[in-house]
Amino acid sequence: MTQKTLRKGNEALAEGAIRAGARFFAGYPITPQNEVPEFMSAYMADAGGAFVQAESEIAAINMVYGAASTGTRSMTSSSSPGVSLKQEGITYLASADLPCLIVNVMRGGPGLGSIGGAQGDYFQATRGGGNGDYHVIVLAPNSVEELGNFPKLGFELAEKYRMPCMILADGILGQMMESMAFNFDPIDPNKLGKFDWAVDIEKNGRPKRKVFSYKGDNLIADVTERAKRYGLIEKTEARFEERNTEDCDVLLVAYGLSSRACLEAVNHAKEAGIKVGLFRPITLWPFPSKRLLELAGKVKAIVAVEQSLGQMVQDVKLAVGDKTPVYLKAYPAGGQPEGAAILQAAQSALNGKTEGLFDLQRHAEGFTYECKRDLSLGVQGDRKGGK
Amino acid sequence: MPRIEVDANRCKACYLCVNACPKKCLGKSETISKKGYFPAEMKHPENCIGCTMCYMMCPDIAITVIKD
Amino acid sequence: MTILAQRPKSMTDKPMHYCPGCGHGIVHRLMGEAFDELKIGDRVIGVAPVGCAVFADDYFACDMVQGAHGRGPAIATGIKRSKPNAIVFSYQGDGDLASIGMAEIVHAAVRSENITVIFINNAIYGMTGGQMAPTTLVGQVATTAPKGRDPKLQGWPINMCEMLAQITGAKYLERVAVDTPQHVMAAKKAIKKAFENQVKGVGFSMVEVISQCPTNWHANVEQALEFVRTKMMPQYPLGVFKDEGAN
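Protein chains in written order, with our numbering: chain A, 1 to 387; chain B, 1 to 68; chain C, 1 to 247.
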């Protein structure tokens with residue numbers, strides 16, 4: 001345990017990773033996570049590890065694939081567009097059963113989007129942006145302290161189940177400074193044993209080992225076995241936090257920094273004359289469906305609050321079924337959630353109003369759109385142009 | 001006295017060895033192998049000089065060169 | 001009784017799946033011989049590509065990692081930086097290395113990663129049935145260039161050894177062939193040297209092997225060898241393009 005210090009999110013994350021035994025980092029510059037590779041470039045070698053600024057995010061995730069295959073605690077970090085590039089590497093890591101840590105400091109999307117914080121990559125993280133049936137464990141910190149301490153949890157879960165773990169942060173969390181402490185002693189890889197599947201140079205006469213992604217005729221058995229690990233994780237590894245849920249009429253569901261804005265709403269609900277609680281998933285996969293369903297039975301309405309067009313809300317609806325109505329307070333592409341607006345949305349939910357709540361088709365009410373070709377502009381088939 | 005052994009079950013009848021042999025010792029077998037090929041076969045063992053060029057060219061490591 | 005030549009200990013005894021006459025099997029064996037002769041077999045960790053050699057992880061006796069298309073040099077970097085005493089190789093075809101993997105091979109050379117790359121150049125995409133490769137010759141017919149490669153639409157073939165030679169971090173670059181016993185012997189020397197370089201810590205070393213592909217050249221073995229001699233070698237001359245020994 002350390003004393004409390006004032007730390008920037010990205011730096012706390014990087015230091016927390018080295019403290020947790022990370023000894024290989026590959027990354028590429030992208031806003032808003034550049035402090036992570038910068039920290040690694042300064043401190044990883046002294047810690048006895050290796051830092052590589054890779055030629056792209058694709059190369060970086062593949063370097064992690066190589067390093068992880070040796071049993072080394074390996075990680076990469078990036079932000080939304082860079083994580084899109086990594087999807088092939090992530091599905092290969094999942095298929096080769098390689099533990100590793102991948103950090104996404106989310107920014108506005110889709111595409112190049114913006115450099116501000118957002119929560120638009122929930123689908124990408126939990127529905128697998130890569131091909132095939134696979135999952136990665138997804139951890140969602142909501143404070144600099146969690147961001148700094150989650151690498152330890154991430155490596156432990158990744159290694160226990162032999163799969164990638166993603167830490168889903170956002171640009172504000174990465175850039176902000178908060179008081180934090182590390183809640184674990186530094187982990188020395190020289191005190192960690194080896195894996196019996198890792199490629200290595202000390203063979204001692206053992207048979208050769210292969211780390212590979214192409215399973216061919218064995219794919220069905222391979223995926224079926226991995227599914228058992230996924231089922232076990234869903235049953236046993238869900239993590240969450242609750243506030244004021246013993247007695248509330250409206251339950252807010254939010255992760256990451258959105259949950260901090262929701263706390264504002266919880267704390268001021270009494271003044272508004274309503275009882276509001278907060279359910280904060282900490283693991284996004286596995287989603288803490290069981291507890292959420294229990295709570296759903298005790299409340300009149302649920303409002304999912306997220307900085308997206310509505311991604312996590314789908315998992316809320318899946319968990320709750322028709323037990324309780326589920327609404328969405330959306331801040332598309334990273335608008336700033338704030339307590340008063342969230343409280344108003346909670347009131348709407350309670351009173352059957354729509355103000356402050358988002359519904360995709362209602363959003364399109366009275367809207368028409370048709371992009372048309374215009375012959376007066378010229379003929380598309382004219383590939384040469386000019387006269 | 002040098003000689004070679006051709007593993008007929010590995011040979012894919014590419015005949016790179018037949019063409020490489022400086023003493024023209026090798027040729028095509030008349031017997032079809034389990035894999036459906038007519039493997040390379042030692043036709044003139046008395047001429048083998050153990051140069052190992054057949055082994056060098058074989059992509060399937062079907063040839064072993066031995067000196068008795 | 002003495003054995004003059006037999007399967008290297010660094011190879012497994014699994015029969016290889018490559019087409020009759022293909023260069024892959026010859027090169028695999030030369031690598032196995034190099035590992036045996038340099039006595040490094042136990043230290044080798046190899047990276048298998050996507051392509052005909054995707055199953056290479058079954059033919060070498062060392063620990064193997066099979067990775068994504070083109071990413072071998074990056075995967076090898078991760079392995080080498082984590083286990084600096086491992087002898088790490090990336091084995092790649094021309095689509096893997098010169099198309100999708102172009103960034104990875106260039107930057108492994110830029111960083112002078114102390115790895116060994118074995119680059120099999122048969123001017124075609126083999127595993128997927130004969131599409132055009134970056135190294136396909138002008139006029140050469142491929143399934144995605146049915147009228148033959150046209151420089152106006154598809155540019156000219158790329159010479160990787162010559163290109164990488166511009167990079168300071170590339171320390172040893174040699175192009176060889178496996179169409180005759182003499183060339184096979186020279187290829188063996190080059191491959192052995194490329195691995196010796198890694199043992200000595202020289203820096204990025206690559207051997208480009210011009211290989212026959214009878215199947216996708218729609219040729220029998222003799223015609224394929226003829227194509228190597230009369231068409232491939234004029235475009236891809238054999239020789240040493242860089243040789244900077246240990247500093």
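Simulated from the structure, these hints should not be mistaken for lab results.
Check each hint, because a few of them may be wrong.
Distance windows between CB atoms, simulated [as the list claims (entries may be wrong)]:
#1 C/239 to A/197: 38 to 44 Å
#2 A/160 to C/37: 40 to 46 Å
#3 A/188 to C/231: 57 to 63 Å
#4 A/186 to B/7: 52 to 58 Å
#5 A/186 to B/35: 57 to 63 Å
Here are the simulated BS3-like pairs of lysine-lysine, each with C-alpha atoms no more than 25 Å apart in a straight line [what the hints assert, rightly or not]:
#6 A/323 to A/353
#7 C/9 to A/208
#8 A/203 to C/192
#9 A/384 to C/152
#10 A/160 to A/191
#11 A/353 to A/384
So, partial list: chain A residues that the calculated Cβ filter (under 7 Å) puts toward chain C [said to hold, decoys possible]:
#12 55
#13 59
#14 67
#15 85
#16 87
#17 88
#18 201
#19 203
#20 210
#21 211
#22 214
Backbone N, C-alpha and C fix where the C-beta goes; we use that ideal spot for every residue, glycine too.
Status of each hint after checking the structure:
Taking the beta carbon of each, residue 239 of chain C and residue 197 of chain A are about 42 Å apart, inside 38 to 44 Å as hinted. A hinted range of 40 to 46 Å holds for the C-beta pair residue 160 of chain A and residue 37 of chain C, which are about 42 Å apart. Separation of residue 188 of chain A from residue 231 of chain C is about 58 Å and conforms to the stated range, judged on CB atoms against 57 to 63 Å. A hinted range of 52 to 58 Å for the beta carbons of residue 186 of chain A and residue 7 of chain B is consistent with their spacing of about 56 Å.
At roughly 58 Å, the beta carbons of residue 186 of chain A and residue 35 of chain B sit within the given window of 57 to 63 Å. For the hint pairing residue 323 of chain A with residue 353 of chain A, the CA-to-CA distance comes to about 19 Å; that is within 25 Å, so the pair holds. For the given pair, residue 9 of chain C sits about 13 Å from residue 208 of chain A by alpha-carbon distance, which is consistent with the 25 Å threshold. Restraint check: the Cα-Cα separation between residue 203 of chain A and residue 192 of chain C comes to about 23 Å, which is no more than 25 Å; the hinted pair holds.
As the CA atoms of residue 384 of chain A and residue 152 of chain C are separated by approximately 16 Å, the hinted pair is consistent with the 25 Å bound. Of the pairs offered as hints, the one joining residue 160 of chain A and residue 191 of chain A holds, with about 17 Å between alpha carbons and a cut-off of 25 Å not exceeded. Among the hinted pairs, residue 353 of chain A with residue 384 of chain A is inconsistent with the structure: their alpha-carbon atoms are about 57 Å apart, more than 25 Å. The criterion of a C-beta within 7 Å of any C-beta in chain C is met by residue 55 of chain A, whose closest approach is roughly 4 Å, and the hint holds.
Hint status for residue 59 of chain A: holds, given a least beta-carbon distance of 4 Å to chain C, under 7 Å. Taking 7 Å as the C-beta cut-off, the interface hint given for residue 67 of chain A holds, the closest approach to chain C being about 4 Å. For residue 85 of chain A, the interface hint is violated, the least distance from its beta-carbon to any beta-carbon of chain C being 11 Å, above 7 Å. Evaluation of the residue 87 of chain A hint against chain C yields a violated restraint, the C-beta minimum of about 11 Å exceeding 7 Å.
Nearest Cβ of chain C to the Cβ of residue 88 of chain A: about 6 Å, under the 7 Å cut. The hint holds. Interface hint at residue 201 of chain A: satisfied, since its Cβ lies 5 Å from the closest Cβ of chain C, which is below the 7 Å cut-off. Interface restraint check: residue 203 of chain A against chain C, minimum CB-CB distance 5 Å, threshold 7 Å, status holds. Checking residue 210 of chain A against chain C: minimum C-beta separation of about 5 Å stays under 7 Å; hint holds.
Hint on residue 211 of chain A holds. Least Cβ distance to chain C is approximately 5 Å, under the 7 Å limit. Using the Cβ-Cβ criterion of 7 Å, the hint placing residue 214 of chain A at the interface with chain C is satisfied: the shortest such distance is roughly 6 Å.
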